[in-house]
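Take the sequences, apply the hints, and build the full model.
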Amino acid sequence: MRDIRVATVQFQHAPGDKPYNLGRVRHFVMEAARASVEIIAFPEMCLTGYWHVRKLSRAAFEALAEPVDGPCTQELLRLSRDHGMSIGAGLLERAPARATALLGAELLLAPHQTGGCNSVSPRGMKPIDPAIWARRDTDPAACEAELCGPKGRGWLMRWLPSRAHDNGMFLLFSNGIGPDDDEIRTGNAMVLDPYGDVIAETRALGDDMVVADLDASLLPTSSGRRWLRARRPDLYESLTRPTGQEQETRRVRFGE
19 MRDIRVATVQ FQHAPGDKPY NLGRVRHFVM EAARASVEII AFPEMCLTGY WHVRKLSRAA
79 FEALAEPVDG PCTQELLRLS RDHGMSIGAG LLERAPARAT ALLGAELLLA PHQTGGCNSV
139 SPRGMKPIDP AIWARRDTDP AACEAELCGP KGRGWLMRWL PSRAHDNGMF LLFSNGIGPD
199 DDEIRTGNAM VLDPYGDVIA ETRALGDDMV VADLDASLLP TSSGRRWLRA RRPDLYESLT
259 RPTGQEQETR RVRFGE
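Following the working numbering from start to finish, the sequence shown increments by one per residue and tops out at 274.
Derived from the structure by calculation, the hints contain no laboratory data.
Wrong hints could be hidden among the right ones.
Within a straight-line C-alpha distance of at most 20 Å, the following computed DMTMM-like cross-link-like pairs (lysine to aspartate or glutamate) qualify [claimed, not checked]:
hint : residue 1 : residue 2
1    : 73        : 84
2    : 144       : 124
3    : 73        : 199
4    : 36        : 87
5    : 73        : 266
6    : 144       : 200
7    : 73        : 111
8    : 36        : 147
9    : 36        : 84
10   : 73        : 35
11   : 144       : 111
12   : 36        : 162
Shown next, in the form of structure tokens:
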């Protein structure tokens with residue numbers, strides 16, 4: 019990997035409104051191009067919307083989804099060509115299930131729609147107070163404290179730094195911000211280095227982008243990358259065997 023300038027974005031999508039959401043992507047891509055960014059990360063499912071999809075009928079869900087070579091992807095490819103930039107932006111993809119292995123990745127795009135979730139864990143995230151969010155313009159300090167506390171940034175900092183550190187890679191965390199159906203996302207888009215240190219972040223109470231220059235010289239001697247050389251893949255096969263405790267994703271998420 020070489021030194022590279024990157025950006026990561028937080029924005030509030032409009033559920034099901036692809037033209038609006040693509041417009042926000044175009045805005046930030048052009049802003050990033052003016053800053054000579056080469057890679058930009060956008061939030062999870064930011065083109066189609068996220069939390070509302072759990073309430074859609076099967077027909078509406080499938081209508082919102084697109085094939086990987088569909089119109090949204092074609093527009094992203096056009097933007098990428100026009101601005102010489104790699105663009106990561108999520109949508110519902112109509113395709114067979116696939117799995118991708120991270121084999122020696124040096125940079126991870128980590129798109130999310132998180133923070134403010136009603137976790138079933140007593141020490142997990144909890145919902146953001148809607149009244150505090152509604153007063154963000156008149157009492158921004160209180161709103162920042164709510165988003166950056168244990169319901170948002172405080173929770174993120176339990177695991178984002180370790181993910182970057184333990185794998186010895188740069189991490190671009192993108193997120194939603196503001197209301198997402200009946201939850202409120204907490205933003206905090208940030209870039210972390212291979213030691214798990216935050217090198218750029220935003221605490222904006224709305225749409226925002228942060229830019230960072232990645233120093234490739236940090237990679238070879240980072241703790242995670244050095245210890246990955248001691249991997250013992252021959253011991254890992256047992257981890258892939260069913261234990262009999264597997265559960266469906268929705269049951270794990272909602273405690274159903």
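Checked against the structure, which of the hints given earlier come out wrong?
Failing hints, ascending: 2, 8, 11, 12.
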